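4 protein chains.
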Amino acid sequence: MTSIVVPADPVGTLSDAWRQCVGTGRLNLALRQDYRASLELVQSQIGFRYVRGHGLLSDDVGIHRPYDAAGHRGTQYAFTYADQIVDSWLELGIRPFLELGFMPSGLASGDQTVFWWKGNVTPPRDHGEWAALVQAVVRHAIDRYGLDEVRQWPIEVWNEPNLVHFWQGASQEAYFRLYEVTAAAVKDVDAELQVGGPAISPGADDWWAPFADFVTARDVPVDFVSFHAYTTGPAQPVPFGTYQTLRPPQSLLDQFARPAKLLAGTRLEGLPAHVTEFSTSYRPDNPVHDTAYQAASLAPVLAQGGDLVDSFSYWTFCDVFEEENIPTSVFHGGFGMLGHRQLRKPVFHLYAFMARMGDAVLARGADHLVTRDASGRVTVLAWQPVGGTDAPDEPGSHALRLSIPVGDATTTSAYAHRSRVDDEHGNAFTAWRRLGRPASPSRRQLDLLHEASEPGRSTTALEVTGGRADLTLTLSRHEVTLVEIEAVRDETPPWLHDARILGRAADGTP
Amino acid sequence: MTSIVVPADPVGTLSDAWRQCVGTGRLNLALRQDYRASLELVQSQIGFRYVRGHGLLSDDVGIHRPYDAAGHRGTQYAFTYADQIVDSWLELGIRPFLELGFMPSGLASGDQTVFWWKGNVTPPRDHGEWAALVQAVVRHAIDRYGLDEVRQWPIEVWNEPNLVHFWQGASQEAYFRLYEVTAAAVKDVDAELQVGGPAISPGADDWWAPFADFVTARDVPVDFVSFHAYTTGPAQPVPFGTYQTLRPPQSLLDQFARPAKLLAGTRLEGLPAHVTEFSTSYRPDNPVHDTAYQAASLAPVLAQGGDLVDSFSYWTFCDVFEEENIPTSVFHGGFGMLGHRQLRKPVFHLYAFMARMGDAVLARGADHLVTRDASGRVTVLAWQPVGGTDAPDEPGSHALRLSIPVGDATTTSAYAHRSRVDDEHGNAFTAWRRLGRPASPSRRQLDLLHEASEPGRSTTALEVTGGRADLTLTLSRHEVTLVEIEAVRDETPPWLHDARILGRAADGTP
Amino acid sequence: MTSIVVPADPVGTLSDAWRQCVGTGRLNLALRQDYRASLELVQSQIGFRYVRGHGLLSDDVGIHRPYDAAGHRGTQYAFTYADQIVDSWLELGIRPFLELGFMPSGLASGDQTVFWWKGNVTPPRDHGEWAALVQAVVRHAIDRYGLDEVRQWPIEVWNEPNLVHFWQGASQEAYFRLYEVTAAAVKDVDAELQVGGPAISPGADDWWAPFADFVTARDVPVDFVSFHAYTTGPAQPVPFGTYQTLRPPQSLLDQFARPAKLLAGTRLEGLPAHVTEFSTSYRPDNPVHDTAYQAASLAPVLAQGGDLVDSFSYWTFCDVFEEENIPTSVFHGGFGMLGHRQLRKPVFHLYAFMARMGDAVLARGADHLVTRDASGRVTVLAWQPVGGTDAPDEPGSHALRLSIPVGDATTTSAYAHRSRVDDEHGNAFTAWRRLGRPASPSRRQLDLLHEASEPGRSTTALEVTGGRADLTLTLSRHEVTLVEIEAVRDETPPWLHDARILGRAADGTP
Amino acid sequence: MTSIVVPADPVGTLSDAWRQCVGTGRLNLALRQDYRASLELVQSQIGFRYVRGHGLLSDDVGIHRPYDAAGHRGTQYAFTYADQIVDSWLELGIRPFLELGFMPSGLASGDQTVFWWKGNVTPPRDHGEWAALVQAVVRHAIDRYGLDEVRQWPIEVWNEPNLVHFWQGASQEAYFRLYEVTAAAVKDVDAELQVGGPAISPGADDWWAPFADFVTARDVPVDFVSFHAYTTGPAQPVPFGTYQTLRPPQSLLDQFARPAKLLAGTRLEGLPAHVTEFSTSYRPDNPVHDTAYQAASLAPVLAQGGDLVDSFSYWTFCDVFEEENIPTSVFHGGFGMLGHRQLRKPVFHLYAFMARMGDAVLARGADHLVTRDASGRVTVLAWQPVGGTDAPDEPGSHALRLSIPVGDATTTSAYAHRSRVDDEHGNAFTAWRRLGRPASPSRRQLDLLHEASEPGRSTTALEVTGGRADLTLTLSRHEVTLVEIEAVRDETPPWLHDARILGRAADGTP
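Protein chains in written order, with this note's numbering: chain A, 50 to 559; chain B, 50 to 559; chain C, 50 to 559; chain D, 50 to 559.
Since the hints were made in silico from the structure, they are not lab data.
Note that the structure is a prediction, hence the values are computed from the model and not measured.
Please note: incorrect hints may appear among the correct ones.
Given that identical chains are not distinguished, each listed pair holds provided it fits within a single copy or across any two copies.
[Unchecked claim] Result set (SDA-like, lysine to any residue): computed pairs, CA atoms no more than 20 angstroms apart in a straight line:
#1 K167 <-> R188
#2 K236 <-> A261
#3 K310 <-> A258
#4 K167 <-> R114
#5 K167 <-> D356
#6 K236 <-> G437
#7 K167 <-> S154
#8 K167 <-> T459
#9 K236 <-> E500
#10 K167 <-> E371
#11 K236 <-> D303
#12 K310 <-> S250
#13 K236 <-> F263
#14 K167 <-> E372
Produce the complete structure using the sequences and hints provided.
Dropping the structure here:
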């Protein structure tokens, strides 16, 4: 059993990198009612700062609009949907982390597309027109939201150009050209706008040095670097689903750390680094996303990732998502923290737990993070350490003992409020399996699933001596637990005797 | 341990009497924001049909308004607030069970008042003016809401006239006169309006025969009879609170049954009988209302009360209530199912559980009620049987074993969804005591209390053989548990193997 | 000037056919946030009973889902989106008028598509699979919503099969085969489900006799007949828009009436007839939809259409619509009563005015409809009569004089409340043109446009003598006006003298 | 006719004093549903910074709670309601301007009360206990909301102590003692909290010098001075109402200016000055509050008051108010900007118009205020100048001609958006009188009244030459008009010809 004496003095500050950004389904989906309901819930319980997703420039957002009729020919830039999307984000307190892509069909040089929704992944037919499009987008945003606002929006050039299905031929040369044209176009509008890339997928270490060389050689602006991190192996398809092997959580932290090492000594050293996508699986139909394992395996990543990068963006906040066609079942292994119908998955709760942590880190380890906030409240996040596919299966329980600093010398009691998520608690997926995996649950079954998604809650009064309380936690398999602890200021008046409530106390005899 | 083979065929129908009506704080309080929020919650989870409370005619609703200025003198009937109150009820799908009282000061014959808010409890100075007031109220309601609507509102004459603090001198003669004048005034507006009384408190058996005699002798209309039921003994005050002894739950059922016995053979025999107030304690500052005991003790009453009366109205739906001055603490022993800030008490959950029961009763006993609804879902309400003050303390646990009929011969599995309320679950009062009983919890503490008020939830897959599943329930002290059971229609496709989610299954090897 | 003495006794009853049904953009769009907000507004102000649109079976609703992976092959029917759509409609009090179409690509016999969103318009590759799909849809609906509910949903087979772009080759034979297979499949699920067609466009009179012959010869069930009506001529395209000539409003009424004449004497005589689409223009980019002309020209159609058919469904309730790609501007000639951002167009107000009419028709003419409701309120809808393109331009004003029966012999005054929509009032389109037609109005400009969309309101006190009041209305060009009239019950007390409010009255001298 | 050439360069900055603070009914009423709905509307359209009202310490908020039971005796400070009130204000973005009063009955030295709700107006029985109460209130606020927050809340000592009905005997000496004790108590908690007074009514010039002398002599802290301003003469009662004579609007500005003159040369010179109440009438039952005259007469006060004081707080934001018993009619001459049922009165619109003004003042005169905001939008507020009772009656109309600077040399057109309020527009009171003054309007009549309360709107395209547009405004009697003007950036494409919409243009021939 882990046994820790949590120091009373902070050992560090908890970075906000974990909630700096979150991923979203393609931008057209941001027009949806369930998307909006999901984002409201996420923002009210977690509060991300930025949102990033594909498809801003794709046909179904409708910005790039060539015309040719009645003797008139030209290109219109239309923001009918783009405005609705961004207006709605800003209303919910979240800003765009702009990803420029994919290619509008009217500007594309080829027919190759990605995903069910057919994002065109070919270079522009004309780089001048591309630059004009980029500038139209940025200028319109400035017109509508103001320069001060738009300067806060990172602008990322394309998505995973190192993969052949996201960028025709995965051509480095073509990407670098696109990057240069885009960066110049953006900076031409306003020099303080932030532009970056190369938004590469895992396994593309060989892109970093050439990218650094290229931008150095041609003096191309780069305000941040971006890349992705995932821990699953190759897809093993079944109908409407995928299984994959899993690498251990540490793999994600290793991936976060790697670019900084590779860029040391280059012009890009020290730039802000954004993991613009991460999760276990990169597949939108892998049921691991729906499990408590997902939460337990990411807990140490959220606890430590901020030491390595400036943001790491969970891919994605909800299952309103359609890369592989429309989901055929309420649970379908989607990327989201929230399932369809706003069902909260275990990883949603992990994030909601993180949102309750304090700023001051008191202790951090392989199975715990302890913080304190300005009001003195101490918060413990604990989890069962899990490995990947090759690790031995996790045991049925895991125990920690912590000595928690709380209150002051006069404190005699602390209130401890525990919220737990594991295979049985806060787990609608488990309940749904027991229900027989109804693809389209009835309205009544949806009510049951929502109830089943609520974390288990329990409260205790801890004895405090010398400003310390002992907290022993036994975690179930794949459990993530939050314990919120505050020193009790006892307001009980002397005349109260709870035994008298049932009229049974001797001293209560009328 | 109780061991029951629940029959597959219904033994009866569950009456709706338990949710026919609910009590409310004085009507002026219905104008409040927290009242509205509380009633919305109650209606969405429970759905009462009628609401009854004091003070419709009291000065703070402002209906009876004599004037004398600039040479003009008369009485105005003003419905500024009354309309807001009733409009708001009807919007939430609940109708008034009108209680006519207390006396407007401009019509009162004396100064005696009851409660902190000073309801005048003296007879009218002029019975003709009283009749005019009653008719003005009824006619205005018909004007605004239509005759069909108002004919559905029972009209009850006064409240607990057998008690000296509710009716000056507790004069039976004066009450009978008031009743007669009122009933005549109401029927004069429309003969199908429903009028009744005498709304007496417990311990007034001696009022029934005289009331029956009086209305028979003078041929006074009576459409229903009404009375109250409570189980606590005398108040033992402490500052801002009261302790009392408790009689066992059966006492309530006995009280429900008594008037029918006393009225047998009179003209009032067989009339609808409404318990227009009931609870354990009749004090608004007795902490028993906040406990799991309250729920456990009322569970058998809700299960059986409908056999005895046409309605029994829990006093009251929320703690927006001021009989004994303004509560000084968030929990204060108030009557409500909901505490301040819409904190759900155990008895709220008991009612919400009842709202999920089916129409067909399969079994009913001292610790359980089993029903089935039209869709085939079986619902078990189980509770620990509790006694009163003089009973031995309840044991720490109570067990039941039930053989439940579910599905048909082909069914192999059932989903069981359990919601529990006891000292530890669904119990904000326990959490609040551990927090040191903060009179004014911080906004953060209120969040914790709301979480603590959520029932414990757990799910299981029950094996079904021959259309039957075995359900064993172990209840904690003062627990009330709801188990919702439905036959599983398994939609799991043949290609799913959950072991592969973690990539560990032999057959998942890539 | 029209001068009418409105009779006090009703001459008829106003049919509800005008609000029986309304059109919608393709069903996938029903998932959108702005669609939901628009439908809420429409339902709160108008209250349609049914909604009909294309694309239930198209790929972007995702019902028909063949699979072939890991050795498993088959077809899944998935209702993930369909359930969200129908759940949401029912929540807003509107039922589906199901249109079965277009063809899922996995079941299509060819590649021909219609619209930007590529609805496949070819016959099924296999009619047995089509029947299986239809039955799966109907059975799922019954499972989820109950048989009693689904029996109330008309089921229409396909859309405008007489046009080559909606049905490959416009083949009558192929359509009749589809109809027969579909009707049989539906009735096989439940004989009381209602099925109908042929949903033909204007100009297809030659389909009626063959359709009647076919269903008679083969004894195919038909529960209702359906068809469409529009008044515009051929499209004259400009970029992002279309102009067309207009036929006069009477043309719509003639179209409504025609099928009944053609079907006289056939087996289809007397069946319910539904105009499942109508408007002036059949183009989603014709600005006439945004004008006051649209409202003025449809006013007589709404007033009289119910005499001819059982429903006529305005195409469509809002501009969340994408037949011709994504709109490039907030106003774009869309079909909707509501523009983007829920801007109310004049025709929205026409419908909202109709929703305030009473049941009893007192008078009806070329420029007016006068009704009375159960409470005695008299409502006048008046409009400037307009012609089509070939008619001389409408004059700048149009006047009516009406003698209105109101109150009784004792009534001395009536309150008249006028709401007007014309080129200047209730007309956001006019304001938008004055603003310079901003394609993407700023948030502030949207506020101004919403204000400009509010009808002009004015109130008057009419003198009443002998139960009659004279009402003279002068209408502006293209005006539609609603006047709501109620007899005044004067509650003014004798002591009020409004001149004293400013302290100026002689008798107010202190 | 006024004819003004509005300069293009600002002549000053518009102070925010007009929306710094607003008055409210007694604090207990802040618990009400209609209060909350009203404040939401006011905050969304106007956005006040602070709210001030009576009764924080009165019994019906329940803070001061002596107890004596079961051998326990003492005083509890209870914040059950106070927290709900302040929580709710802060949620709506408005802060308390704390008024300390009236006296809790448990601390009062006498029985004298004011108003229907019986606020006790006697000095404390014990000044030490009073100081303890004040400190308990302030400390609790700091605990709950933080010191930074509470330092922003002005703390005003009592209300109108110069009047015998608000302060027993109107004793200056007793007030000064109360002030001193209170200020010391507040500063003892935190020296940066702001305390002030003397909150005197109009006509108490003789209090200023003694107050300055007293606080100087005894070195008592004063952070701001406060006083009230009204323009009506003595009350002339009728049943449920009051008439009064009116002084001209300039009288208010004179009252605002007076204390600064009287305090010149004293220690109080230059302190922030707050008019903590102002309106025309000081009676809650004077119908002038409901009229367009009220708006027209206060328009110049809002335009200029900020030059004289730091805030002037309209008394009050809504008619949820009960000084003279419960209103007997929906309109009753209440103080509010909003009537019951959130009916917007003309003065509400005046404030909403002010909320749309820019920061830069371009022109200001007896009938107009012209501003420009950062985006270049020009806003004109114009009103008919009105006098008081002794002035000749206002003429039926009033005209202005303004030359408005708009856009730049390239601008050819401006959009002008006019919103008007007068006897006929934005005037539910007029409509209500025509309806026969229904005391309790039906739900349908309420809908009509809400429609009638909407300002008249009209739009125009102004021709712009040389950066200037001519605007001619003809105002009705008692009209207040807002005109919002912005330069048009014309996006009309060359292919649009509106004449073709109706298919009538020659060039549209197909």
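Verification of the hints:
With identical chains, the CA atoms of K167 and R188 are never at most 20 angstroms apart, being 27 angstroms at best within one copy and 32 angstroms at best between copies. Taking identical chains as interchangeable, the C-alpha atoms of K236 and A261 lie at most 20 angstroms apart only when both belong to the same chain, with a minimum of 19 angstroms there against 61 angstroms between chains. Only within a single protomer do K310 and A258 lie at most 20 angstroms apart by alpha-carbon distance; the minimum there is 11 angstroms, versus 75 angstroms between protomers. In this assembly of identical chains, K167 and R114 lie within 20 angstroms of each other by CA distance both inside one copy and across copies; the values are 17 angstroms within and 18 angstroms between.
In this assembly of identical chains, K167 and D356 lie within 20 angstroms of each other by CA distance neither inside one copy nor across copies; the values are 37 angstroms within and 49 angstroms between. When the C-alpha separation of K236 and G437 is checked against a cutoff of 20 angstroms, the pair qualifies neither within a copy, at 44 angstroms, nor between copies, at 54 angstroms. With identical chains, the CA atoms of K167 and S154 are at most 20 angstroms apart both within one copy (10 angstroms) and between copies (15 angstroms). Neither within a single protomer nor between protomers do K167 and T459 lie at most 20 angstroms apart by alpha-carbon distance, with minima of 66 angstroms and 44 angstroms respectively.
In this assembly of identical chains, the alpha carbons of K236 and E500 never lie at most 20 angstroms apart, being 50 angstroms within a copy and 39 angstroms across copies at closest. Taking the shortest Cα distances, K167 and E371 sit within 20 angstroms of each other both inside one copy (11 angstroms) and across copies (17 angstroms). Within a single copy, K236 and D303 get their C-alpha atoms no closer than 33 angstroms, and across copies no closer than 56 angstroms, so neither meets the 20 angstroms cut-off. In this assembly of identical chains, K310 and S250 lie within 20 angstroms of each other by CA distance solely inside one copy; the values are 17 angstroms within and 67 angstroms between copies.
In this assembly of identical chains, the alpha carbons of K236 and F263 lie at most 20 angstroms apart only when taken from the same copy (18 angstroms versus 65 angstroms across copies). For a Cα distance limit of 20 angstroms, the shortest separation of K167 from E372 qualifies both inside one copy, at 9 angstroms, and across copies, at 18 angstroms.
Comparing the model with each numbered hint stated earlier shows that hints 1, 5, 6, 8, 9, 11 do not hold.
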